[in-house]
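Engineer: Listed below, chain by chain, are the residues.
Protein chains: 2
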Amino acid sequence: MSGSSITDQEANMANVLSAKEQNLMDAYWRAANYLSVGQIYLYDNPLLKQSLTKEHIKPRLLGHWGTTPGLNFIYVHLNRIIKKLGLDMIYITGPGHGGPGIVANAYLEGTYSEVYPNITRDEEGMKRLFTQFSFPGGIPSHVAPETPGSIHEGGELGYALSHAYGAAFDNPDLIVACVVGDGEAETGPLATSWHSNKFLNPASDGAVLPILHLNGYKIANPCVLARISHEELDHLFRGYGYTPYFVEGHEPATMHELMASTLDKVLGEIQRIKADARQNGFGERPRWPMIVLRTPKGWTCPKEIDGKRTEDYWRSHQVPMGEMHENPAHVRILEEWMKSYKPAELFDDSGRLRPELADLAPRGTRRMSANPHTNGGLLLRELRLPNFRDYAVDVPSRGAVFAESTRVMGRFLRDVMKLNLEERNFRLFSPDENNSNRWQDVLEVTNRAWVAETVPWDDHLAPDGRVMEMLSEHQCQGWLEGYLLTGRHGFFSCYEAFIHIIDSMFNQHAKWLKVCNGIPWRRPISSLNYLLSSHVWRQDHNGFSHQDPGFLDHVANKKAEVVRIYLPPDANCLLSVTDHCLRSRNYVNVVVAGKQPAPQWLTMDEAIKHCEAGLGIWEWASNDRGGEPDVVMACCGDVPTLETLAAVDLLRRHAPDLKVRVINVVNLMKLQPASEHPHGLSDHDFDALFTAEKPVIFAFHGYPALIHRLTYRRTNHKNIHVRGYKEEGSTTTPFDMCVLNDLDRFHLVSDVIDRVPKLRERAAYAKQAIRDKLIDHREYICRYGDDMPEITGWRWGQEAGSAGVRSTEADNA
Amino acid sequence: MSGSSITDQEANMANVLSAKEQNLMDAYWRAANYLSVGQIYLYDNPLLKQSLTKEHIKPRLLGHWGTTPGLNFIYVHLNRIIKKLGLDMIYITGPGHGGPGIVANAYLEGTYSEVYPNITRDEEGMKRLFTQFSFPGGIPSHVAPETPGSIHEGGELGYALSHAYGAAFDNPDLIVACVVGDGEAETGPLATSWHSNKFLNPASDGAVLPILHLNGYKIANPCVLARISHEELDHLFRGYGYTPYFVEGHEPATMHELMASTLDKVLGEIQRIKADARQNGFGERPRWPMIVLRTPKGWTCPKEIDGKRTEDYWRSHQVPMGEMHENPAHVRILEEWMKSYKPAELFDDSGRLRPELADLAPRGTRRMSANPHTNGGLLLRELRLPNFRDYAVDVPSRGAVFAESTRVMGRFLRDVMKLNLEERNFRLFSPDENNSNRWQDVLEVTNRAWVAETVPWDDHLAPDGRVMEMLSEHQCQGWLEGYLLTGRHGFFSCYEAFIHIIDSMFNQHAKWLKVCNGIPWRRPISSLNYLLSSHVWRQDHNGFSHQDPGFLDHVANKKAEVVRIYLPPDANCLLSVTDHCLRSRNYVNVVVAGKQPAPQWLTMDEAIKHCEAGLGIWEWASNDRGGEPDVVMACCGDVPTLETLAAVDLLRRHAPDLKVRVINVVNLMKLQPASEHPHGLSDHDFDALFTAEKPVIFAFHGYPALIHRLTYRRTNHKNIHVRGYKEEGSTTTPFDMCVLNDLDRFHLVSDVIDRVPKLRERAAYAKQAIRDKLIDHREYICRYGDDMPEITGWRWGQEAGSAGVRSTEADNA
Ligand SMILES: Cc1ncc(C[n+]2csc(CCOP(=O)(O)OP(=O)(O)O)c2C)c(N)n1
Ligand SMILES: Cc1ncc(C[n+]2csc(CCOP(=O)(O)OP(=O)(O)O)c2C)c(N)n1
Ligand SMILES: [Mg+2]
Ligand SMILES: [Mg+2]
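Heads up: the protein sequence lines correspond to chains W and X, in order.
The UniProt record's numbering applies: residue 1 is where the first sequence begins, and numbers increase by one.
The UniProt record's numbering applies: residue 1 is where the second sequence begins, and numbers increase by one.
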């Protein structure tokens, strides 16, 4: 264990850096720091050719200094090792608020001016570089999509390592250097993401080099990892499966040498591991190296300002010093601080970086700011897709055949997997729910990724498995994002209720995509695809805690141009939707589908047309053709569709003269006005379908409010009556879940009776019959624990059958 | 390090358990296991007096076996140590799907029959116990609110340890035994929650005893922690700051002895730590013990079923064997399995637990199922509250005084803290944002909790601090929940955007509260209070990634009876709302308020009335008194209120004859129909306020859709035109954020012009002037980086001032 403390070892070693090299690297670091401070503070006078005055300073100071010098320090050292070893490396910075540093480095190595020609490599360009930062019409304060070389904004902390590993999967030649803030390290997602090393194959995946940035502080507090003993810290990372290397100090000269020699060692180790795995195949999980970099927060800024500790303290986190326009002393301090980087040694009179410094950066696409992996669309190759029609469920008559939709989807995905095995650009992600959600057939052609210990009776675990299962929704999401952002494809399957765990990560990704749409040099990437199954209506083994269809509401808040929501009513529709999602770009696609045996409604041909349209009249279930309907029965989601059809069946029997139009909705966004969503129906089409004034009974998979918010502008909105989940449930029967939420066939019929004037005279008797039926239901299930045979045995258009179809085996069968 | 492996040490030690004691404990464990299997499978024949037939078996088998025998094993051992040492202990089981085990134990120790008299301690009661489990009209499958002794449902995995620590804070005599599933341990929230030990004061808090339940598997995969070396596992927990004790094996006899001796040791260690801290005060952070319990998943069930590995494998996770009604061999296996527990030795003929076994359980409230800490309302004491009126901001004229609302709130909270210091029942929680959100005054009377290392220049860190700051929203939420569920009070402050991180945890808590409302023996607990600040309109230092007001939409999906949403427009309203939240019970209260200097509108007296009403006409800003308004200007949220008033001011100047009614909304739920939410306005009152047909321009803090979904049933809904956040933003000026989202005063005026018929003739000129103004704005901010003086200097009812009020210092000042 003591072998990892560099300080001890170094004593006997020759210096890695020559004095000249060290001086140059230090100068490069100072240049990045100078440009970073300039971005935060300066409006003009970028080279400090004039004496600094408040007029040169921005009116509002917005940005973060504290993390930046550390990020810059790492940057120049990574540059050295990239050049030395000819590495293909990208840089992910967890504390993305260090935006000025990453922008500064992209500028120093020329990428910035290539991408944004207006930000030239001269005094004028430097001035613009400074002004635009955190400035209206300029660039945001974080390592945002606007920043070349970024796949990680780092605004919301916690996902750096998951992104890094996601980027490394299937990129055997890539090394992802990943800085983790010591504050960030306290977040849950980050704390578990260290374990990603149990899923990385040294032979066919790239490497991740985590660098814990132990600058001691977060916004206003010390960090936990900075305040435990060296021994505990060392234990922690060994426990996580890494070999930690400590680089600790604050003297630049010593630190340069220490960092350089450590990187030599660490990269040597990484190369050794990889070479070994390539030559000899996977043997056992390597103990990958990681670096603990302990430096002062705000390193190189004034030690104290106004008598208050600033460097090496939380006070340097944002803008270490304000009141620049009121306090002339502060202007002097700033000038001194910036001059301490000796700008004249760094930039020539025209503002150009001196050539011997410029020479330190790697060239072309080896520059981390220009590495194509960080603009994944550049590398994106289309998936080879089998013909989804070949997986169709045969539907000889409506609802007579039963299938588990997601299992059918799993078969299709199996062959998608198979066709792209060679290309190695497709993975599936799930928090231990791949089989529970019925994608197990995929395991016929690949395995679950696993490089931890195994036992002989293990089930489909292998180092090169392409199904990623860790019990962390955060990891699944983060890995998948990293995988997509570097130009690959994937699908995430999750229990519907627990997808809320990554609500906030979804937000960040949707925002990223939205911004990318406005950045011409960012090339489209594959969509982030969710299958939400084990959904609210069929959480049979669990209950109330597992019932929440609200992710749809959450998603609907994001920009219409990046979100899509699909609720296929049966397996063939699900196949069509799946194919569509896998072909799409720059979206988040949310697909909700059940895993339980359920009646199948549409032939493949019908399904394709239905899904293409997104919604439509089911003519075979309607009887209003050629006339006007008395009522529109709309449905969206598999269970609501079943209940709607059963209600229509009841109506046909008991009120055969009633004209019913059945509309099924697959693409939820069709309901929105065309002005709100690119998929939205025109008002004209909407009125034609939903009528201008007839009652619409809408059975919806999710919370009813979502339908209202999507349709409130429509002509007939006042007559749209929605049933959906209203937060009632427990561990009970499938049909009882519908009854508890008034979504069952009987309630739907009752809704029709209440709203169709011509049924009024029959209303009292009919409603009493319904009431009695619901009491029968309650009595029956409390006695027998299962739904009534007339419910489970119901078939479209047939006299009530008797043999119910029950749920399949348990989740882990 | 080697000192912690019990197996080594035990060799030389005398047995802790006598043979008799061991036999009794094993019998007790078998009884719990028997009852657990019975709950999962049996419908009748509870004592297996008859030969088992399929008629005795439930039609649908729903539940989880795999984790249960382990939970039961721990339970009987905790009982022993509780009795032996007279402990006050509660039991939190991360894998809450082990419901049958916890219910079984509550039944064995009598609590269950006390709480549910129908479930008697005899054959008939046992039959009911079995039947009701996961059965319609019965109880859910998890350790739900219905389960006596539970504060943790464990349906969504990951929060066990946070809850445990939350329960332990300020309960110096309490020991919280907390089982963590090895699958659960992979979740992010759980992975960081081990670090809670840096925040627990051994002198004045209780103790947490984590037990990692290393049964090797989750639903369908092995677990990471079960597949790393012993050394890594040991390192990991030492790295987390614990001393791990390993209890590993599967032979019941050996395991009983090992577990008992380990618990003796571990509890001895806990008691030593606590005694030391009490006598000598806090010295340094103790290395608390924790237990790694490695046993087979599904322990004691058939090793194989149908030739497939079942015990010690994932296949035992749920119901290890199905097809009970089709496969007679399975019925035989079940019978054999249940008989292997030797029920006749455990229960007498009447089904009563044999007295020598019953004797093993602790008595009265020392039974973990009857410990009052698990029904926190029993222990709840009201907070002492200062008079919030004393903190009022003086408002001599409308909008002339500026204040930072949340800072004013912080002063009030400081004194709440002070008044309850002695009672030790109030804490504040924040992910490193306490000061950023302007609650720093609280630190005048208490500190931040911290037992990790310190340095002399640290800022308000102390072992007995009552401000809980770790950079983990999950931890803040989990700790607070644990604290509230055990009968105490708290407030959580968070950046508005990042509260989505705990969307899913909020769901679980709201569901818990909803269910509790229907359980008479569950006593009301203090509400879970959120302050969301650094909100979407004023995320000055950050930008797009930090802008998301959608938590309100998320919350609005939950049962109306448990959620409340407040958006006070100024500091005095915030004070009134805060006081109200702290007095309330069984709710989740969400309060959104800004931290930046903002104009103050209402005197304290007015604020109280306004908040009490929840919404109302601001008469001083309206000019329609005695007549009908031409337009209603509604606003909700501090920034929308400012923009609305500025728009009204413009209208007054430029269209003085226009009759404007200004309505401000504090309590968002007032907008809903009374039928949907207990706070909802009657339609009559709503119509009176918002009129039946006049245009309503509604400026809203959040996503506009939320207002529509709350009001779509109202008479005048078609005329309600909402402005709010529409996912546009970056790092820019505060006013520009409004402009980007069409929420600014100019757009609002423009909306009025578009919608009020009598303004039509003036429309063209007015709208051109507005267009020009917005171009001026854009030009100005891109040049100067700050808002135009006429914007920042605007004051209600005055000619445009000139001195703008800018944001205060940075987040960490
Ligand atoms: C999930 C999340 N919670 C809170 C914040 C607010 N925040 C921004 S920076 C920061 C401190 C970060 O500290 P650290 O990771 O140590 O970064 P560094 O010290 O390098 O700046 C916090 C809490 C955030 N960005 N993300
Ligand atoms: C956050 C979350 N994700 C997924 C699930 C679905 N799930 C239920 S049980 C389980 C496996 C739990 O494994 P473990 O914690 O090891 O418990 P045990 O083996 O004791 O049953 C999973 C993934 C869940 N309950 N919560
Ligand atoms: Mg830090
Ligand atoms: Mg387990």
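None of these hints come from the bench; they were simulated from the model.
Just so you know, these numbers come straight off a predicted model, no measurement behind them.
A hint or two may mislead.
Intra- or inter-copy, both count: the list cannot distinguish identical chains.
[Stated by the list, open to error] In silico DSSO-like cross-links for lysine-lysine, where the CA-CA straight-line distance does not exceed 27 Å:
| # | residue 1 | residue 2 |
| --- | --- | --- |
| 1 | K265 | K54 |
| 2 | K773 | K49 |
| 3 | K418 | K514 |
| 4 | K20 | K718 |
| 5 | K726 | K514 |
| 6 | K718 | K265 |
| 7 | K342 | K198 |
| 8 | K609 | K49 |
| 9 | K694 | K718 |
| 10 | K49 | K308 |
| 11 | K342 | K308 |
Engineer: Determine for every hint whether it applies to the structure shown.
Structural biologist: To see whether the hints hold, each was checked on the structure:
1. K265 x K54: Close neither inside one copy (47 Å) nor across copies (67 Å); limit 27 Å.
2. K773 x K49: neither (88 Å within a copy, 37 Å between copies)
3. K418 x K514: neither (32 Å within a copy, 47 Å between copies)
4. K20 x K718: neither (78 Å within a copy, 74 Å between copies)
5. K726 x K514: between (32 Å within a copy, 12 Å between copies)
6. K718 x K265: Neither. Shortest intra-copy (70 Å) and inter-copy (69 Å) distances fail the 27 Å Cα cut-off.
7. K342 x K198: neither (46 Å within a copy, 42 Å between copies)
8. K609 x K49: neither (68 Å within a copy, 60 Å between copies)
9. K694 x K718: both (10 Å within a copy, 18 Å between copies)
10. K49 x K308: neither (29 Å within a copy, 80 Å between copies)
11. K342 x K308: within (25 Å within a copy, 72 Å between copies)
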